[in-house]
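Residues 1 to 498 in the working numbering are what the sequence shown spells out, letter by letter.
A portion of the hints provided could be inaccurate.
Unchecked claim - Mimicking PhoX-like on lysine-lysine, the simulated pairs with C-alpha atoms at most 25 Å apart in a straight line are:
1. Lys-81 x Lys-38
2. Lys-434 x Lys-385
3. Lys-2 x Lys-208
4. Lys-107 x Lys-140
What the hints assert, rightly or not - Each pair of labels, with its calculated beta carbon distance range:
5. Pro-409 x Gly-73: 22 to 28 Å
6. Gly-413 x Arg-77: 19 to 25 Å
7. Gly-377 x Glu-51: 30 to 36 Å
8. Arg-77 x Arg-254: 43 to 49 Å
9. Asp-357 x Thr-183: 32 to 38 Å
10. Arg-77 x Gln-302: 44 to 50 Å
Note that these hints are calculated values from the structure, not bench results.
Note that CB positions come from ideal geometry on N, CA and C, so glycine has one too.
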Amino acid sequence: MKKKVVLFYPPYDGPPLSAPLCMLALASPLLQAGFEVKLVDNLTSPDFENEILREAQDALCLGISVLTGPMIGAAVRIAMKVKKLRPDLPIIFGGWHPSLVPEQTLKPDFVDAIVRAQGELTLLELVQRIADGQDWHGVKGLSFKDDSGIHHEPDRPVANINDLPAPAYHLGNFDAYAAAAGTRQLGYASSLGCPYACNYCTDMIFYKRRFNAYRADRVVDELVDLVSRYRIEQVALLDSNFLVDIKRALAIARGIVSTGVRFRWDFQASTDFIWKMSDDDVRLLGESGVTHMGFGTESASQDVLKLMNKHHQRVEQMVETARKAELAGIHVTFNIILGYPGETEADRQQTFRIMSDIAREYWNVSFSPNVFTPYPGIPIWPQLKDLGVREPQTLEEWENLALGHNVLPWLQGRELYRLRRSLEYFLLNNQIRKATRKHAWLRRGFRRALGLPLRWRIGSNRYSFPWELWVSRAVEKVVTRRSLLTGKKLSERIQEVC
């Protein structure tokens, strides 16, 4: 009897990080139940298409995990080829995108089932039924189709992640990832979920504003073991909002310090939690190895933050976050969302001015701006449709909706030109500040030559004859996007066309 399950993680838009944690988590219960798991990751398998076709010949099923955007293209191509090779092989999609739009994702002939939301137990039960030749009805968390149509089984109750087995890290090729990334990295999730209900975020749809976290002692034990076993230099926590439970976060930091095992680690959070922490608390994070923190600040306009339903976010929290992180020697990246519905040009200029002031005061601050990307299922989709945003009508159309790709009808032409120009000046001003921070004579010279004109442009919102940008492009391209998780450069410039 076939016992092999093939799991495929398609190419994605971003720098290499580590073995795909979602697939390692799915693999672990399958391995415990006696199934063989073949993990095919585009980064460690350059010829992944032919490898999947070979493995599919004697497989029980094929599972593919996708996010909205470019990953969908490779997923569709592979699924079509496998279905042509083996029409009888169940092809199962999972991950954020299929979970948000299961009905649409199920329509193509090459998709047989969708594992929705938290997938470890749902996929295990489905695979067991496939192996035993049983009917799929009644598998909670599953959407599937048969001759009678499409069926959506009830949601599976969210499992406490402490009750799930640890991801199958041994399936990851850490040498290959180190070669691609330039450092030995590990992706690790110590928690799921966030208590907030931001109108643009899909996290609240998945996790219903519940914080589902590993115990602090488990996090410390696992991280120390993984770092030692795989010689990891840097751990990227994939938590949506790591600091929700501040006592737990500090217990993790203290635990890492007490072990004497040293490694760098990064996480994402919201500034209101740093606001609640003392200077010594944040210093403890730095002592434990935290080198970077990412924050979804999004805007420095309280009017825009209100539209986003970010009532917990305030400008003074951003300032305190920068100050406390600087004391601890921790770099921070503030994410900025541009073009949010209801945002005015005055709101954007306010954001650029305030954040420029913060960056001028604190050396450790960087920014990652993105044009607002309307992902499926977010709370404001009905409003976006009324404003003229076209929702993709097929699975394949969603491939083009990469982060920062502009599909906003109110952000075109002259409005888009002014946004891009003001953004470039904002980032150039910050980049010059960083480049000259350690050299007083160079800083004074740049301030005279470029600093004052840049601040005048940002303050007066005047961008004609941009000679400063021409000079900067001749020397070095302005970094316009950074990873909110690691702070590393993502791409050269923000996308400007549909």
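Hints, verified against the model:
Among the hinted pairs, Lys-81 with Lys-38 is consistent with the structure: their alpha-carbon atoms are about 18 Å apart, no more than 25 Å. Taken as a hint, the Lys-434 and Lys-385 pair is broken in the structure, with Cα atoms around 41 Å apart against an allowance of 25 Å. For the hint linking Lys-2 to Lys-208, the alpha-carbon distance of about 37 Å lies beyond 25 Å, and the restraint is violated. Only pairs whose Cα atoms come within 25 Å are accepted, and Lys-107 paired with Lys-140 is accepted, the gap being roughly 20 Å.
At roughly 25 Å, the beta carbons of Pro-409 and Gly-73 sit within the given window of 22 to 28 Å. Hint check: Gly-413 to Arg-77, Cβ distance near 35 Å, so the stated range 19 to 25 Å is violated. The beta-carbon spacing between Gly-377 and Glu-51, approximately 32 Å, falls within the hinted interval of 30 to 36 Å. Remark: the range hint 43 to 49 Å for Arg-77 to Arg-254 is upheld by a beta-carbon distance near 48 Å.
The supplied range of 32 to 38 Å is met by Asp-357 and Thr-183, whose beta-carbon atoms lie about 33 Å from each other. Against the hinted window of 44 to 50 Å, the Cβ-Cβ separation of Arg-77 and Gln-302 comes to about 45 Å, which satisfies the hint.
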